[in-house]
Structure formats: C-alpha cells, structure tokens
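Chemist: So you can see what is in the structure, the chains are spelled out below.
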Amino acid sequence: MSERVVRIAAGQGFWGDWLEAPVRQVRGGPIDYLMMDYLAEVTMSIMQKQKSRDPRAGYARDFVPLMERILPDVVERGIKVTSNAGGVNPRGCAEAVLEVARKLGLGGKLRIGLVTGDDILDRLDDLIARGHPLADMETGQPLSEIRDKVLSANAYLGMAPIVEALRGGADVVITGRVTDTGLTLGPIFHEFGWSPEDWDKVAAGTVAGHIIECGAQASGGNLLKGWRSVKGMADPGFPIVEASADGSFLVTKHPKTGGVVSVASVTEQLVYEMGDPGSYITPDGVADFTSIQLRQAGRDRVRVSGIRGGPRTPMLKVSIAYFYGYKAVGTLVYSWPEAYDKAKAADRILRQRLADLGLEFEQILTEFVGVDATHGKLSGPPDPDAPEVQLRIGVRARDKAPVERFTRELAPLVLTGPPSVTGFAGGRPAVEEVVAYWPALIDRREIERHVKVEVLEA
Amino acid sequence: MAGSSRKKSASRSGRFRRPAVPPSRPVQLRWLAHARSGDKGNTANVGLIALEPEYYPILVREVTTARVARHFKGMVSGVERFELPNLGALNFLLHDALDGGGTISLKTDAQGKVYSTALLRMEIPVPVSLARRLIRK
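For the record, the sequence lines run as chains Z and W.
Count along the first sequence from 1, then add 901; that gives the number in my numbering.
Count along the second sequence from 1, then add 3; that gives the number in my numbering.
These are computed hints drawn from the structure, not numbers from a lab.
Where hints are given, some of them may not hold.
Derived coverage of chain Z by chain W (criterion: at least 3 residues anywhere in the stretch with Cβ under 8 angstroms from a Cβ of chain W; other residues may be distant) [unchecked claim]:
1. 1192-1202
2. 1302-1309
In silico BS3-like pairs for lysine-lysine, Cα to Cα no more than 27 angstroms straight-line [as the list claims (entries may be wrong)]:
3. W/43 - Z/1050
4. Z/1278 - W/43
5. Z/1050 - Z/1218
6. W/43 - Z/1218
7. Z/1010 - Z/950
8. W/43 - W/76
9. W/116 - Z/1126
10. W/76 - Z/1245
11. Z/1353 - Z/952
12. Z/1301 - Z/952
13. W/116 - Z/1132
14. Z/1050 - Z/1126
15. W/116 - W/43
16. Z/1245 - Z/950
17. Z/1301 - W/76
18. Z/1278 - Z/1050
19. W/116 - Z/1218
20. W/116 - Z/1245
Heads up, the beta-carbon is just placed ideally off N, CA and C, and yes, glycines get one too.
Using the sequences plus the hints, can you model the full thing?
Modeler: Spelled out as structure tokens, the structure:
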C-alpha cells in the first residue's frame, strides 16, 4: 500500500519575497497546497496606514497579480491556496481575487474562504474597559499608556478557521493575522481529519509550518554551512512538506530546481527566531523543538519525526503597532588614505554641530561600514589601508523637528569637513516615521467568538 | 535549560582544578559550528549548530552562558542558553541586543541577522589534535 501524503508547498516567505517562486511551485511538480506567508510583526501597521488612505487597500497588493498568474493552473490541477495576504483588509483582498478569477473566466469554478475576526482595533477601548490590560509582554506596561498612538491591533489566529474554510469547500483561503504556521497546519489537519487536541500532531504540523514559512531559507537560501557548494540559486526550489498520516513528514523541493534540502539547511531554519526550544507557543498548541528528529532520506529529502507537543494555552498573542516617533539614517563615504580616521573625524564634527544646535535625540548611533557596522567591538582592529569606509549615522527622536534638521546637516560635511568624501548622490536622507511593535496577550475566548469564516463563489 | 547550564559554568570556574587536562589551544567557533540568527523584539537569538556530531559536546562544555556574555559584553544586557542535543545545537538569547529592535533600531543589523557570525568569532579551547585537524580543513 502506498502511503498517502499531503504536499504543502511554500510560495512566499514574506511580503517582498521572490515573485517567481509560487509560479514554479505550482508548475514544477505535484503539490496539493500552496502556502503563502506575507505577515511580519510590523507589516500589519504598514497595511493599516495604506488602508487609512484608501479603504480598499490594506492587504498584500502583489498577491492579486500573482493569483492572476497562477489561478488557471491552480484550478486545473486542483491545488488549494492558504495565505494571510489579507492583512488588515482580508475582505478587500478576497474581493480583488474574486474579480481576477471572473476576468480569467473561472466564474463558478473557484471558491474563496474568507477569515475575519482577528482585527480588534475597533474593540480596544471596550476590551480595556472590561479589564483586559493588553500589557506589553516585554515591559509589562498596560496598553492604556499608549492607547492614543495605536495604529493596528490583531490577534494571532491559529489553524481552526482555515480548517473550517477548507471543510466548507474553499479553494483559496484568505486571512488576516493567522500565524505563519497555521497556514500549513490547517491543510494537514483538514486532510487527515486529526483532532485539534492531538497535541503531538499539532506540534508536528507546527514544526512543518516553521520549516517552510520562510521560503527558501530552508532550502539553501541564507545557508551558512557550505554556502559555496549550494548550486543553482538563480532558480532556487522553495521547500515542500510531504505530510504523512502518522505525523511525520518529509521536507523536499521540486526536481530540477536549485538550492539544497539537507539536515543542515533544515536545522538552520529550525533555530531561526527561536526562543525557548522546549515550548514553541502557537494558538494551536505548544511544540517541543528538543524532540525533533532529522534524517537525510535521499537527495534533497529530509525526514522529520518524533515531534512531541503539549496543549494550547488559554491566551492568544496580540500584535499591536503604535506610532513611536521619527528616525533618519544618512551615509557618507571616505576614501583612502586614512579613510577610517576621516570618517571618525566627520562623525565628531557632526555630533558637535548637532549639540551646538541644541537638538535633542533619544538616540544617535554611528557605525563605520567596512570597519564595525555589523559586529561592533568584535570586529577586530581596522585595516589602516582600507580603500574606503562608509560613515553611517542615524538619529531617533519622539519629535520630528530635530530629525528633520539632522537630515540637513549631512551634506554640508562634504565642503566643511574632512577630505576625500563622496557617495552622497542620494541627497538628503528621508525622515521616517517609526511604528513600534507592542506584543500582548488576551483571553482567547474574547477573540474566538468573533472569528468568522465565509465561503464566497467566484 | 538556561538555569542549569548557568549553574554548571559557575561551578566550573571555581578554584577546583582538574588533573591531567590534555593540551588545548584556542580555535574560533567558525571551525566547529555554523549558525543562524533572528530577532524577537529587542532580543536577538543565535542558533549555534555543530558542524559534526562529535563537536556538540565540546560546544556544550565550552560555549557557556558566561563566556558568551563576556564575548558580547557591552553589546547585550544578558544571555540565556538552551540545549538541543537532538539537533546538535545550542540556542542563545541575547537580550537588548538590537537598539530597541525591529523598526525602532538605527542599527544596520536591526533584526540581528548577523549576530550569528559575530558569535562564530568567539574562541574556545579544543584539544590540540582536533585544532590541527580543523585548521587543515
């Protein structure tokens, strides 16, 4: 008896990932599901800002033209899609995809599952009033302290609404803030009909989701071990999970694609953004990463098994974004000879001018690119003969005025500072608004009764 | 667990001297391990993975919480260590490593993507015979 597997392919690892990947995943070999993760911690606030300017916006816009490219293949091959591309406007995103489907002549052939209820921006005052402090998980401060600055607030949903949408016949499931891992867990649980309280299975699906949620970062991209020997990265194969009914799974990629799936490539992805490996907490359960067993099971095939987990917690995480202040970062390049000394002198002069102007900053940070920008004091002694050094100086303040003035202090250094300076063609650095992240917890019952799943016909 | 490994390294640095220690020499971690790092708020994590299974016990013994804290002194406020023997890996949490983290940070490496290689600069003592083999590779 040949064992039944469910194939879930990663199409996007973040908003801005390689646009060809989903197309190749759909056409490059058999898959059952295409999983596309778009949401990082601060993505929601960017989308919220876009929505405030245009009520039809607020989702990952590239998702729609991408779906236009792949929908004919997706429908023909019976592939289903799960994605949190909906951002803060999943309904707008679903409607845009429906429109594209009809334009492609797929009317009557496509059903879209729409998941809402994660967005609690309009409920915040009510929740605070009813005794939910939504305190910052890192500092313990209650949300009330920055309530007037909040830009977006979304609870992390798990796999449940995705399973429900698939059960309702959805071909494409579009959500807002569903966890990256939930996009993979949902299809596996739906296909095998597992109980959502089978905690080892939940943990296994969570680990599968974690492995593929960053796309090619599990299949040769950003791989440090033996990076020179990773071939074909002009056309990398994004990872695919082949899930089995016993909870184990295989990580692989399509044949004739670049990159590599090895124990090393999977391990590097497993430890990425890891906290306590003994308890990787998601809305669906708690996975124990110290139970994961990896084995190379063939070329570009890694078998993952042995995963154990525990029950879900009574709380859900909430991702809140709030307006923090302003920042700007500017650069100048100093050339040989004595490039580093010139850059250091320029930094001293600039700082003196900022002080003389009486400008107040929360932070002024200087880095010398080519000397110490990424490893700080660990970088070792600077090369006295360095061909060039880039001075990179950034400032941050709660008020806009000092940051604005800072951006006008960089260019003058060209004619009023140390010699052999170049690389300022980009002009004045831009003043950027800083939107900060406020992670909090909330009783899951407050969220779950508001989650809604609809299935819409094209 | 972080707590137990911290205790272990504390007793190791005590006055007690072990007899007949084989001669050792310092080797950069890059010859023994690969790594990947990421962020959670203002904390960077570094997963340190043994290049060969037999290097893992050396990493457990030598890459202690205290040593890593010393290595990153002035760059982070605290270090926690977790063991993953199943993956031949250690996970380090480096607190307050990212100038506020995410969008607030002014750092080039605002998301801690290359703290991984900063840890690989650290030197640990390994037996001379192993050190010779590593450098020859």
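Chemist: Are the Cα atoms of residue 43 of chain W and residue 1218 of chain Z separated by 27 angstroms or less?
Modeler: holds, 14 angstroms
Chemist: Starting from residue 1301 of chain Z, check that the Cα of residue 952 of chain Z is at most 27 angstroms away, please.
Modeler: Within the cut-off at roughly 23 angstroms; holds.
Chemist: Decide if the proposed pair is consistent with the structure: residue 1010 of chain Z and residue 950 of chain Z, CA atoms, cutoff 27 angstroms inclusive.
Modeler: violated, 34 angstroms
Chemist: Under 8 angstroms between beta-carbons, do enough residues of the segment 1302-1309 of chain Z, three at least, approach chain W for the coverage claim to hold?
Modeler: violated (count 0)
Chemist: CA of residue 76 of chain W to CA of residue 1245 of chain Z, is that 27 angstroms or under?
Modeler: holds, 23 angstroms
Chemist: Does residue 1278 of chain Z pair with residue 1050 of chain Z here, judged by a C-alpha cut-off of 27 angstroms?
Modeler: With Cα atoms ~36 angstroms apart, residue 1278 of chain Z and residue 1050 of chain Z exceed 27 angstroms; violated.
Chemist: Please verify whether residue 1050 of chain Z and residue 1126 of chain Z have alpha carbons no more than 27 angstroms apart.
Modeler: Status violated; Cα separation ~44 angstroms.
Chemist: Between residue 116 of chain W and residue 1245 of chain Z, does the CA-CA distance stay at or below 27 angstroms?
Modeler: Roughly 26 angstroms between the alpha carbons, so the hint for residue 116 of chain W and residue 1245 of chain Z holds.
Chemist: Could you grab the alpha-carbon distance between residue 1050 of chain Z and residue 1218 of chain Z and see if it respects the 27 angstroms cut-off?
Modeler: Roughly 19 angstroms separates the two Cα atoms, so the pair holds.
Chemist: Holds or violated: are the alpha carbons of residue 116 of chain W and residue 43 of chain W at most 27 angstroms from each other?
Modeler: holds, 11 angstroms
Chemist: Holds or violated: are the alpha carbons of residue 43 of chain W and residue 1050 of chain Z at most 27 angstroms from each other?
Modeler: With a Cα-Cα distance of about 22 angstroms, the restraint between residue 43 of chain W and residue 1050 of chain Z holds, given a limit of 27 angstroms.
Chemist: Does the alpha-carbon distance linking residue 1353 of chain Z and residue 952 of chain Z stay inside the 27 angstroms limit?
Modeler: holds, 21 angstroms
Checked against the numbered hints above, the structure violates hints 2, 7, 14, 16, 17, 18; every other hint is satisfied.
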